[in-house]
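Sequences listed follow chains S, C and E, in order.
In my numbering, each residue carries its 1-based index in the first sequence increased by 262.
In my numbering, each residue carries its 1-based index in the second sequence increased by 262.
In my numbering, each residue carries its 1-based index in the third sequence increased by 262.
No lab work stands behind these hints, which were simulated from the structure alone.
There's no promise every hint is true.
Said to hold, decoys possible - Pulled a few chain E residues facing chain S out of the computed Cβ check, cut under 10 Å: (1) T274; (2) A291; (3) N292; (4) A308; (5) Q336; (6) L390; (7) I446; (8) N510; (9) I511; (10) F532.
Treat the numbers as computed from the prediction; the structure is a model and nothing was measured.
We treat Cβ as the ideally placed atom computed from N, Cα and C, and that holds for glycine.
Below are the chains, spelled out letter by letter.
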Amino acid sequence: MLTKCMENVRTTTPLIHAITNYVTVNDCANALLACGASPIMADDQAEVEEITALCAATVINIGTLNQRTISAMQLAAAKANQLNHCLVLDPVGVGASRLRTQTAQQLLANNHFTAIRGNVSEIKSLALGTGSTQGVDANIADAITETNLPEAINFIRAFSKRTGAIIIVSGAWDIVSDAENSYIIKNGNPLMSKITGSGCMSTCIIAAYLAANPQNMLQATITAVSLMGLAGEKAAAISSGTGSLRNNILDGLSSIDTEQLKVGAQIDKF
Amino acid sequence: MLTKCMENVRTTTPLIHAITNYVTVNDCANALLACGASPIMADDQAEVEEITALCAATVINIGTLNQRTISAMQLAAAKANQLNHCLVLDPVGVGASRLRTQTAQQLLANNHFTAIRGNVSEIKSLALGTGSTQGVDANIADAITETNLPEAINFIRAFSKRTGAIIIVSGAWDIVSDAENSYIIKNGNPLMSKITGSGCMSTCIIAAYLAANPQNMLQATITAVSLMGLAGEKAAAISSGTGSLRNNILDGLSSIDTEQLKVGAQIDKF
Amino acid sequence: MLTKCMENVRTTTPLIHAITNYVTVNDCANALLACGASPIMADDQAEVEEITALCAATVINIGTLNQRTISAMQLAAAKANQLNHCLVLDPVGVGASRLRTQTAQQLLANNHFTAIRGNVSEIKSLALGTGSTQGVDANIADAITETNLPEAINFIRAFSKRTGAIIIVSGAWDIVSDAENSYIIKNGNPLMSKITGSGCMSTCIIAAYLAANPQNMLQATITAVSLMGLAGEKAAAISSGTGSLRNNILDGLSSIDTEQLKVGAQIDKF
Numbered sequence: 263m264l265t266k267c268m269e270n271v272r273t274t275t276p277l278i279h280a281i282t283n284y285v286t287v288n289d290c291a292n293a294l295l296a297c298g299a300s301p302i303m304a305d306d307q308a309e310v311e312e313i314t315a316l317c318a319a320t321v322i323n324i325g326t327l328n329q330r331t332i333s334a335m336q337l338a339a340a341k342a343n344q345l346n347h348c349l350v351l352d353p354v355g356v357g358a359s360r361l362r363t364q365t366a367q368q369l370l371a372n373n374h375f376t377a378i379r380g381n382v383s384e385i386k387s388l389a390l391g392t393g394s395t396q397g398v399d400a401n402i403a404d405a406i407t408e409t410n411l412p413e414a415i416n417f418i419r420a421f422s423k424r425t426g427a428i429i430i431v432s433g434a435w436d437i438v439s440d441a442e443n444s445y446i447i448k449n450g451n452p453l454m455s456k457i458t459g460s461g462c463m464s465t466c467i468i469a470a471y472l473a474a475n476p477q478n479m480l481q482a483t484i485t486a487v488s489l490m491g492l493a494g495e496k497a498a499a500i501s502s503g504t505g506s507l508r509n510n511i512l513d514g515l516s517s518i519d520t521e522q523l524k525v526g527a528q529i530d531k532f
Numbered sequence: 263m264l265t266k267c268m269e270n271v272r273t274t275t276p277l278i279h280a281i282t283n284y285v286t287v288n289d290c291a292n293a294l295l296a297c298g299a300s301p302i303m304a305d306d307q308a309e310v311e312e313i314t315a316l317c318a319a320t321v322i323n324i325g326t327l328n329q330r331t332i333s334a335m336q337l338a339a340a341k342a343n344q345l346n347h348c349l350v351l352d353p354v355g356v357g358a359s360r361l362r363t364q365t366a367q368q369l370l371a372n373n374h375f376t377a378i379r380g381n382v383s384e385i386k387s388l389a390l391g392t393g394s395t396q397g398v399d400a401n402i403a404d405a406i407t408e409t410n411l412p413e414a415i416n417f418i419r420a421f422s423k424r425t426g427a428i429i430i431v432s433g434a435w436d437i438v439s440d441a442e443n444s445y446i447i448k449n450g451n452p453l454m455s456k457i458t459g460s461g462c463m464s465t466c467i468i469a470a471y472l473a474a475n476p477q478n479m480l481q482a483t484i485t486a487v488s489l490m491g492l493a494g495e496k497a498a499a500i501s502s503g504t505g506s507l508r509n510n511i512l513d514g515l516s517s518i519d520t521e522q523l524k525v526g527a528q529i530d531k532f
Numbered sequence: 263m264l265t266k267c268m269e270n271v272r273t274t275t276p277l278i279h280a281i282t283n284y285v286t287v288n289d290c291a292n293a294l295l296a297c298g299a300s301p302i303m304a305d306d307q308a309e310v311e312e313i314t315a316l317c318a319a320t321v322i323n324i325g326t327l328n329q330r331t332i333s334a335m336q337l338a339a340a341k342a343n344q345l346n347h348c349l350v351l352d353p354v355g356v357g358a359s360r361l362r363t364q365t366a367q368q369l370l371a372n373n374h375f376t377a378i379r380g381n382v383s384e385i386k387s388l389a390l391g392t393g394s395t396q397g398v399d400a401n402i403a404d405a406i407t408e409t410n411l412p413e414a415i416n417f418i419r420a421f422s423k424r425t426g427a428i429i430i431v432s433g434a435w436d437i438v439s440d441a442e443n444s445y446i447i448k449n450g451n452p453l454m455s456k457i458t459g460s461g462c463m464s465t466c467i468i469a470a471y472l473a474a475n476p477q478n479m480l481q482a483t484i485t486a487v488s489l490m491g492l493a494g495e496k497a498a499a500i501s502s503g504t505g506s507l508r509n510n511i512l513d514g515l516s517s518i519d520t521e522q523l524k525v526g527a528q529i530d531k532f
């Protein structure tokens, strides 16, 4: 299944529209290309609907949002829903400002998202409408541990049920869950949190995998998350610091093959 | 001639103003520095005319254009024309939305561009005012082959004649042409299309070479295109994936010397 | 003291808000993470005050400023002052356009900056309200030499006295000075000027060091500048071009330890 999901991306080259922050946008574009997709970034309200219509999936990432791009996000999300295209939300820093919280809540209220990915603080903030987000990195107090895992899974399933979205919580372990089925992905390396953009890239790759695997979206998401983690693991093993880590992650995304993915993936059903 | 063109960039350090997209702007700045030029990016209408006036050449790249930056593009283009400075257009994704098509057409109608660089879908869209652009990557159906090369060259020469611009069509082979003289540059590597920004960087380097070689613009363009291709070739030979490819291209741009360029350049007159 | 300053950053992970240009914003975020801080970028006036309030320090970098972000800069600066948070200015390209000059002057007139970092042309332009800035790189005519160093130091001290800010002048040698005490940091490598963002990254790292070392701000600044220079030196020694240089600088920022910093730092009191 991992194999099939990966092959579907690489053979169909899905075109992905990302309205995303200017901090990691280059990493997002390169991650999409590396995993076999094709990126286009457009954020003016005069063109986002046309761009969304051209694409197989749309990513909305609210890092560095502004009044102008918020309008574009709303138009693109509505168009993606109207056309039944995949729509993925990355609520960067939700909870850190009213603007982020309101924008994310409004997007969620007005649209159906295929998937939502964030760190645990972001997902909590988004689900509860309030939270303890400190900037764009997860608050340590929110960490998911073996002890609170069952409680966390219940929380995530409830949020999935309410939104109809696959929920991905990134962290030391990544959790991928819909309302009923939950998976723990144990790939990845703590160093990934020492570069900007590993979350944003992961969200884009998830969108590409969803777009290319419409028949099996949960498996597609698990595969994407596992691939990103595996690329991070392999990169961490050969990097002399965070500059090379970032490049080695892109190298991994572009070179890991189906065999390596099958061997390296660490996926547990909860 | 290649040698002279390269030396002129490296000894005069032309200052290049780029109004460009936020996806690859960092790559553009680093590519300009690597090739021996000096970049400045400014896109507010309150300052673009002054910045353009300071610079030897201005690049207008319409990727991630918006209402605010479109005004800035128009002002900068007019100022560059008024001062007889080089002006280079990169019509990213023209044809993919009405906003891109109209903006590019209007820029072309109101200003004289020294050079225009795009992939074959973009150049077709721009020349015809309609096209089959799918996102920012070339549509496979538009590919230039040995069979349709003479027809493509005629098309490009006609577009050059109409606009007065040197036309650069990037692809497996790059074509550089004015209304009468056409060159096929066979440098480069297919992997270059697997990173974002190789086209945008190429456009910026062309602008630097034009600015430093006003007496011989067609040769300057050919040299710039060949240098970028050679950097890509050398990078592809030593890269383990697309992350390292991107860095190795910048390494090549900053380290290839006149001797290596002379030996490596693969330029055929059509 | 260097050791203590470095440890304070790495153990407290200060959250730094940067309103900065879209050319080097990714490098800024990665440099902050590499040195042990945590970055957040936000530039909409509807949220910048909240984000500034969350953070330990705010950086204002005027490269690619626009009407929208200028408002955000003003609000963030006022909030940082109100809360007595560190506030650092990077006047990129001040003197190259009236918009940059007026914006920087107005920020300076209305707010107290903890530190101001620029190249010699930028600092001259900012201090004199006029200057010879050519783009974003220092004008060669402004270079500080052994001959004019005492005169330069007097000028910088007077500017520090007037503004109450620690002044950092980047160049072949970096100068760090308040109104009375001046230091020459001889770390660094000329190749650092061949990548975009070394100045912007340095400013961000200074902000992180200031935030983590409120009791000893001059020493914190010296340490940050020395660390950046040392990372550049080490990177230059192992890089094959400017692409790898940039990554190796980030590798150095994330891996240089207190012992290496103590041995490598070249700091002279003037």
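Do the hints match the structure? See the list:
no. : hint : result
1   : T274 : violated (13 Å)
2   : A291 : holds (4 Å)
3   : N292 : holds (6 Å)
4   : A308 : holds (5 Å)
5   : Q336 : violated (16 Å)
6   : L390 : violated (32 Å)
7   : I446 : violated (27 Å)
8   : N510 : holds (6 Å)
9   : I511 : holds (7 Å)
10  : F532 : violated (32 Å)
Checked against the numbered hints above, the structure violates hints 1, 5, 6, 7, 10; every other hint is satisfied.
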